[in-house]
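J.: Just so you know, the sequences run in chain order A and B.
In terms of numbering that gives the first Met the number 0, the first sequence has 51 at position 52, counting the first letter as 1, and numbering is strictly consecutive.
In terms of numbering that gives the first Met the number 0, the second sequence has 209 at position 210, counting the first letter as 1, and numbering is strictly consecutive.
No lab work stands behind these hints, which were simulated from the structure alone.
Treat the hints with care, as some may be off.
[Said to hold, decoys possible] 27 Å max Cα-Cα, derived DSS-like pairs, lysine-lysine:
no.	chain 1	residue 1	chain 2	residue 2
1	A	Lys-257	B	Lys-24
2	A	Lys-388	A	Lys-415
3	B	Lys-1	B	Lys-260
4	B	Lys-157	B	Lys-81
5	A	Lys-371	A	Lys-355
6	A	Lys-165	B	Lys-29
7	B	Lys-24	B	Lys-102
8	B	Lys-341	B	Lys-81
9	B	Lys-341	A	Lys-250
10	B	Lys-336	B	Lys-397
11	A	Lys-371	B	Lys-81
12	B	Lys-157	A	Lys-155
13	B	Lys-397	A	Lys-250
14	A	Lys-155	B	Lys-1
[Unchecked claim] Sample of chain A residues lacking proximity to chain B, with all beta carbon distances greater than 10 Å (derived):
no.	residue
15	Tyr-178
16	Arg-334
17	Lys-371
18	Leu-372
Yeah, the Cβ is synthetic: ideal placement off N, Cα and C, and Gly gets one too.
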Amino acid sequence: MTRTKQPLTNNVEMTTTIHDTLEQGKKTGFSTVEAFGEKVEREVYEHLTNHKVQHHTAVINKVTARAFWDTDDPVGFALSKPGLHEIKNAFSAVYSFHLPSGAMNYASLLPASLDRVEVKIYDDTIDSSDVSRVDELADQVNETLISPSFKDLELKKICYSRELRKVYIANSNGLNAKYIKTHFNLLLTMGLGGNLIDIAENGAFSRQIEPVKLVYRAYNLLDSLTETPLKWGPKEIALVLSPEASAFILKEFSEYFKIKGDKKFMDLSFPAILNIIDDPLLDGKAGSVPFDDEGTQVGEKVLVRKGSFIQFISDVQTAFQNGTRSSGNGFRNDRSLFPTVRFSNLYIKPTVLSLKNLMEDAGKGVLVSLLKLKCVAKEGYVFSAYGYKFSGNNLLEPVHFHFSTTFLNYFLHIVKVSKEMKFFYSTYNVGSPYVLLEARQKSPGMLTI
Amino acid sequence: MKKFSVDLIDDTYSGYFSIDSLDKKEYTIKSKTGILERNFDDQWTGSSHELTSIKDAVEFLDKKINLKLKGQPGDFPFHPAKIAKENQYIFDFLQDLGVMEWKVIFRGLRSRRIIIKNGKEKRTGFRHFSILIKVRLKDHRNFIEVGEGGGGGGQGPKFNQNGLVSRVKEISDNHKLAENHDVSFTGKIPVILSPGDGAILFHEILGHALEADYIYLQRSPITVSHIGRQIMPANVTVVTEDKNDSFFAGIACDDEGETPKSACLIEKGILRNVISDSFYKHLLDLKNCGHSRVEDFTCLPMPRMYALYLKPGGCDPEELIASTPYGVYAREFGEGKIYFDKNVFYFNIHDARLIEKGKRTIPLGSIMVKGDISEVLGSVEMVANDFRFDKGISYCFKNGQTLNVRVGQPTVKINNLWVTSDAND
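Just chain B, with the same shape it has in the complex:
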């Protein structure tokens, strides 16, 4: 592998505003500018420095860089007083809902990066606003979270207030109704994941299994020898790019200045590429990289996902339900735990319904699904044609670094999942 150098100038401005059921408010802003210098010569040597401005970084690097970056920190349209006024409807609704406690969190992030690889300069930009509604229902230990996010318009964050309120109300009602039913499951059953956010399950069990550092360390059940081989059913195609999605439109390259040569990970069930940075590309003799990401300039880059989309299939979504004599329809998704070493994963579903004789019936409230990673990857039975992107608040946590990620999928039917509302199963 040839010697090369990469300098990453990172300028991030973020805002946080929260309000809760006790009318406690918190407003904070963060401004972070710095540089990550890295040189590769058999190994990476690098250094990070916090700086006052991009101008500092240019002087620090002693390189010629065009300083004209759009916008100044003060221009960022994240104004809590305005946000509070515009979203009063949500606060009023939550106050009347009769829950134990609630909190609404608004976040705004603007990240601008200049990546200079071997003297060649590239720029990336990312802007994101989000709302997260956390509700703790009566007699419940954990919070239910409902949210949405996106790049916002020129005026700043705008949210679908009616949609958010409806989702909170529906989940709350379904949990109350679910208390009247005592459903227990034996054996593995099919689970139908709703379009959009359901793809976070594939991000966790497929996407992370395809990350080159996990492959190199043999943490993942996938190995390089799987490339070119069938690892999923032929109805599954997974890609990392979708021209209709503007979520990462400002990301022209990864944090090493690379772009993937191919956006295809799985083609009709055949593994085509894995998710790699240039170091692991060299180490594992791969063809593709362009997935080196870092939360900020103080951290060490590693192979990470940006977006992961499961392409639509040919079925009508109702066919998936109609073909299921007994199963579960999963609508709102929580967090999961993946144990690659045990080949097992657990995933929380915050709102689910039972499927009986091809029809959605009673609400189940919160449930947990568990599966064998390799078996589940091979158990995607049907893929519908109703592709949707997630609601824009998918995050990924790896080795202490949290990043925005994007997922999308149509309605998908997976067989062979254990489902339990009783976690002792």
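Next up, chain A with everything else stripped away, as it sits in the complex:
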């Protein structure tokens, strides 16, 4: 990675800053202090058709602190590249706010140590790749577009980024840990017949970025965009959701798998084919980490096993509120300083069946390639769906329709799951194979699951 010139002052090591944060927090009078540091080096290339637009590098050094009194809610701050003076001032500022209620807090539940785990999330080629990589990717896309299969498909914009992220977490309970991670992203804006689509590929390794596959996906999605409404005789319709469509719904419904979710789900039985997992230790995945942003040990979490609800995910705070232990899902984002509950790599576990098996079993139905959330209504989520009618293994004409569903109804109506797995990254990683569902026709163009 191209190293840009470094700031002239205060170029201290992050480990020193973390140490200073813990020390100053205790000196200020807090009983427990947590320090989270990030060093990020990011490089972005953006090209419009026939125009190079941007080459941008960013170097970000940030420290976030969370400080606890013996009782009551914690306070916190985030500072860019702070020195001792700035850290001291920030602790003084937040210390002045104390509205004691005597309520117990979760400071004692912050982890004191971590076991070492192996997860492959660092690509050492990040230093050697340069601007030629984006030209190479653009060439591969343009070469693919020459094929008559992609007639009228246009590349409007290409954006490629690579990021090196070093994460540090320490607290006054004794924890001190760090990891290093790389992230590569290719975002294409493609156009076909007046429609545009943004389509991206993400991974911890540069070699995971495959522009040709992105072009195929873009074409399939854009080609399915039609206003032709679905006309269907029988009341029952078999829907096969693409990994993209299925992952989209899984993400929309993922809130239900957080600890604040309705505990009545614990007693429910979904179809036995259904296994839902959150696994931060998958090699090479964009959502993988060796520990969460609170330093909690992570591992594979089976949320639904053979249709039975097994567990919710949580961070330290929500686990404390519910009298349990953190599942290792406390992650920070730019908007909130304190960790919030978030998934790492959430996915529906694939089976041995192929897409062909699913379509043959269904006989006739609709293969849904793309979904958009229309709204959340009283009766549930309403999705706008684009796809193709199919008969056996043959895809027929593209169709458009809407369907409404709820968290419960959706998962209760999954009949089969395929083996072709694909992850999609946005804030966290969500993956799914193809899934076969049973839907009912409520009115022309409107289905319900």
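Given chain A, work out where chain B should sit, using these hints.
T.: Just chain B now, kept in the frame of chain A:
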């Protein structure tokens, strides 16, 4: 396009304080200083660096800059204990309201920027305080949000507590009353948007459609060839500047150091200008720029709106209602979704009333309006004379960056909108 360089020194201090129905409190502060260096020579090359202070930035740039900026982070008047004490009335009211849950969020932001373009220095400043009351009514899935914001006085955030409480109470009562009525709509009907915050709809469907990057990528239904042509009815004039509004008074230029040559976007329905930065100005051969914005120094600038005002017309607001045999009056506005590729938008209205025979009648609670973007732009039938600014908490989210924006309008009547309380329509 000539070579040039722009350096943006960004110094932002923000505070967040929240309290909820379980008496859970959160107080955090953020201090962020850094620099975004950019050079244009056929393409942009740039770099961002996080720094400890503006002094660091000056040393980093090795340029002569006057360091005297007003105020230090500690001087920023955002003190949670004081805010909590001053707003106890709101917390007590919410506690007695009998809702499922509530949360009140206070935010304070101070942003100071120095923009150096080709060696010439300009400064901008923005200060904003806001309160957001989130209430989840019994048997409701989503929160209703009521808030207000502004620059605050020298003492810091002051809010119209009675006004906020009245709005929450009215929305809550209207939702309860709406449960007794089962109203369904068929076909397109007129919707009257209340003055002020209603303009967020124009921000979404008109403002974003006029952003030069969306125009260049053909995401927008508007093209450069529309400039000089009628795209809205002659009663519509839309501008980006209002001398009576102090909301963005400290913003003397955009984040590239440019100011728009003209503040007029739509003049009597004719498209005069689009919203652009200098890059897309060059690419699309436009006359105007001055709308390059960036959330902070770590992000990439792009064409964005600051303010968008729909100028007042000549009608009395009551005339708009009286002229409507059957329609909807929209009062409190939620979020929307715009699909330029499908030429369609959806917008949530948190508090609406039915209009029957020219009179406001029963409350409808929350509804959703849907429309065809191009058709709706051409369907502004009446514009009243009661112009108001929004309540000061309008935000815009684009490509991962969130910015404060400002809107304003008088009461406006739009025909040809689908209205539904049943989202399956």
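J.: Hint numbers the structure violates, sorted upward?
T.: 8, 11, 12, 16, 17 and 18
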